[in-house]
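Peer 1: With these hints in hand, go ahead and build the complete structure from the sequences.
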Amino acid sequence: MLLLLQLLIATQPLQATAPDPSIQKPVTAMLKSETFVADGVFHAEIEGPALDTAGNLYAVNFGGNDDSHKGTIGKVTPEGQATLYLTLPKGSVGNGIRFDQQGRMYIADYTGHNIWRYDGKTLTVFSHQPKMHQPNDLAITQSGVLFASDPDWKNNRGQLWKIQPDGSSVLIEDQMGTTNGVAVSQDQRFLYVNESAQRRIWVYQLDAAATPSQKKLLIKFPDFGLDGMRTDSAGNLYVARYGKGVIAKISPSGELLAEIAVNGKFPTNVSFDSTEQWLYVTMQQRGAIERISLKATTSNN
Numbered sequence: 244m245l246l247l248l249q250l251l252i253a254t255q256p257l258q259a260t261a262p263d264p265s266i267q268k269p270v271t272a273m274l275k276s277e278t279f280v281a282d283g284v285f286h287a288e289i290e291g292p293a294l295d296t297a298g299n300l301y302a303v304n305f306g307g308n309d310d311s312h313k314g315t316i317g318k319v320t321p322e323g324q325a326t327l328y329l330t331l332p333k334g335s336v337g338n339g340i341r342f343d344q345q346g347r348m349y350i351a352d353y354t355g356h357n358i359w360r361y362d363g364k365t366l367t368v369f370s371h372q373p374k375m376h377q378p379n380d381l382a383i384t385q386s387g388v389l390f391a392s393d394p395d396w397k398n399n400r401g402q403l404w405k406i407q408p409d410g411s412s413v414l415i416e417d418q419m420g421t422t423n424g425v426a427v428s429q430d431q432r433f434l435y436v437n438e439s440a441q442r443r444i445w446v447y448q449l450d451a452a453a454t455p456s457q458k459k460l461l462i463k464f465p466d467f468g469l470d471g472m473r474t475d476s477a478g479n480l481y482v483a484r485y486g487k488g489v490i491a492k493i494s495p496s497g498e499l500l501a502e503i504a505v506n507g508k509f510p511t512n513v514s515f516d517s518t519e520q521w522l523y524v525t526m527q528q529r530g531a532i533e534r535i536s537l538k539a540t541t542s543n544n
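Whatever position you read off the sequence shown (first residue = 1), add 243 for the numbering used here.
Honestly, I wouldn't trust all of these hints.
Claimed, not checked - With a straight-line Cα cutoff of 30 Å, these simulated DSSO-like cross-link-like pairs (lysine-lysine) come out:
hint : residue 1 : residue 2
1    : 508       : 538
2    : 508       : 459
3    : 405       : 463
4    : 275       : 333
5    : 397       : 333
6    : 313       : 397
7    : 508       : 318
As the list claims (entries may be wrong) - If you anchor each label on the Cβ, the simulated ranges turn out as follows:
hint : residue 1 : residue 2 : range
8    : 397       : 334       : 29 to 35 Å
9    : 459       : 517       : 17 to 23 Å
10   : 478       : 347       : 25 to 31 Å
11   : 494       : 333       : 41 to 47 Å
12   : 431       : 460       : 35 to 41 Å
13   : 477       : 373       : 37 to 43 Å
14   : 458       : 311       : 37 to 43 Å
15   : 399       : 333       : 28 to 34 Å
In short, the hints are calculated from the structure, not lab data. Glycine is no exception: its CB is placed at the ideal position from the N, C-alpha and C atoms.
Peer 2: Structural data, given as structure tokens:
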């Protein structure tokens, strides 16, 4: 799936449109990205970073680059020690990961069309939707409502699903671009969805029932891809720019505030620790995890 995104970026011509002026002179963040988990500890298709309340980090496809390791989930302690945590049933491969308020893990299974739930003891199919192309990334509200991106890479299209706390699913949109990263603002007011091939990020308003409406274009990029993303407590959006090798920081109004360089061209997803001191980044091809200390200033490029 991620390799298809890489191929698409390499071969698709750019549109001859005037780019957003805010993208032409980005602010370069004076932040250092460092290796937290070494190359090759995870498979090259590493994805889905999420942290539990104890500060442990989880990502999919642990154990090395052989495809036999796909379908696993690794656990990384706050000190950076990585071990095998969970193996999904045969035929299932995880992508996005999220935790709910009760500490239960949800895993988007893009090959089995499932959303798995794991409570630390029992793994169950929380939601199965055969009409999905391949559930890719997840976002979750405080009330336990999930949103799942559902790209159709071959046709440059995608869908967006809402999954209720009882596991039932509702199709929100079926005529989007290649939906990928999804995030809910920490104040629960907004849902963000990006489209990788079209290089757009959309924002929806959420009501008390987590129903999205009033869709608006937040920002569009002239080049490279978009992958996973998260919001901070100030409402800013951090987006993995696949192919460019940076994490973009975007304001709630759609202004590109900063670009944080990582050590590789293919960041796939990001996740904060509970204090927002650290931003963790999964790195495709390297099979590694980086982390960025956000306690630094920015300066104009």
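Peer 1: Each hint: holds or not?
Peer 2: Here's how the hints hold up against the structure:
Our distance criterion of 30 Å between C-alpha atoms is met by residue 508 and residue 538, whose separation comes to about 23 Å. Under the criterion of a C-alpha separation no larger than 30 Å, the hint pairing residue 508 with residue 459 is consistent with the structure, at around 29 Å. Restraint check: the Cα-Cα separation between residue 405 and residue 463 comes to about 24 Å, which is no more than 30 Å; the hinted pair holds. About 39 Å separates the Cα atoms of residue 275 and residue 333, which puts this hinted pair outside 30 Å; it is violated.
Note on residue 397 and residue 333: the hinted pairing holds, with a Cα-Cα distance of about 24 Å set against a maximum of 30 Å. Annotation: proposed proximity of residue 313 to residue 397 holds, straight-line Cα distance about 22 Å (limit 30 Å). About 24 Å separates the Cα atoms of residue 508 and residue 318, which keeps this hinted pair within 30 Å; it holds. Distance hint check for residue 397 and residue 334: the Cβ-Cβ separation is about 20 Å, which falls outside the suggested range of 29 to 35 Å.
Remark: the range hint 17 to 23 Å for residue 459 to residue 517 is contradicted by a beta-carbon distance near 30 Å. For the pair residue 478 and residue 347, the supplied restraint of 25 to 31 Å holds, since their beta-carbon distance comes to about 26 Å. The hinted window of 41 to 47 Å between residue 494 and residue 333 holds, with their beta carbons roughly 44 Å apart. At about 21 Å, the CB distance of residue 431 to residue 460 disagrees with the hint of 35 to 41 Å.
Between residue 477 and residue 373, the C-beta spacing of about 39 Å keeps the proposed range 37 to 43 Å intact. Distance hint check for residue 458 and residue 311: the Cβ-Cβ separation is about 41 Å, which falls inside the suggested range of 37 to 43 Å. Residue 399 and residue 333 have their C-beta atoms about 30 Å apart, which keeps the hinted 28 to 34 Å range intact.
Checked against the numbered hints given earlier, this structure breaks hints 4, 8, 9 and 12; the rest are met.
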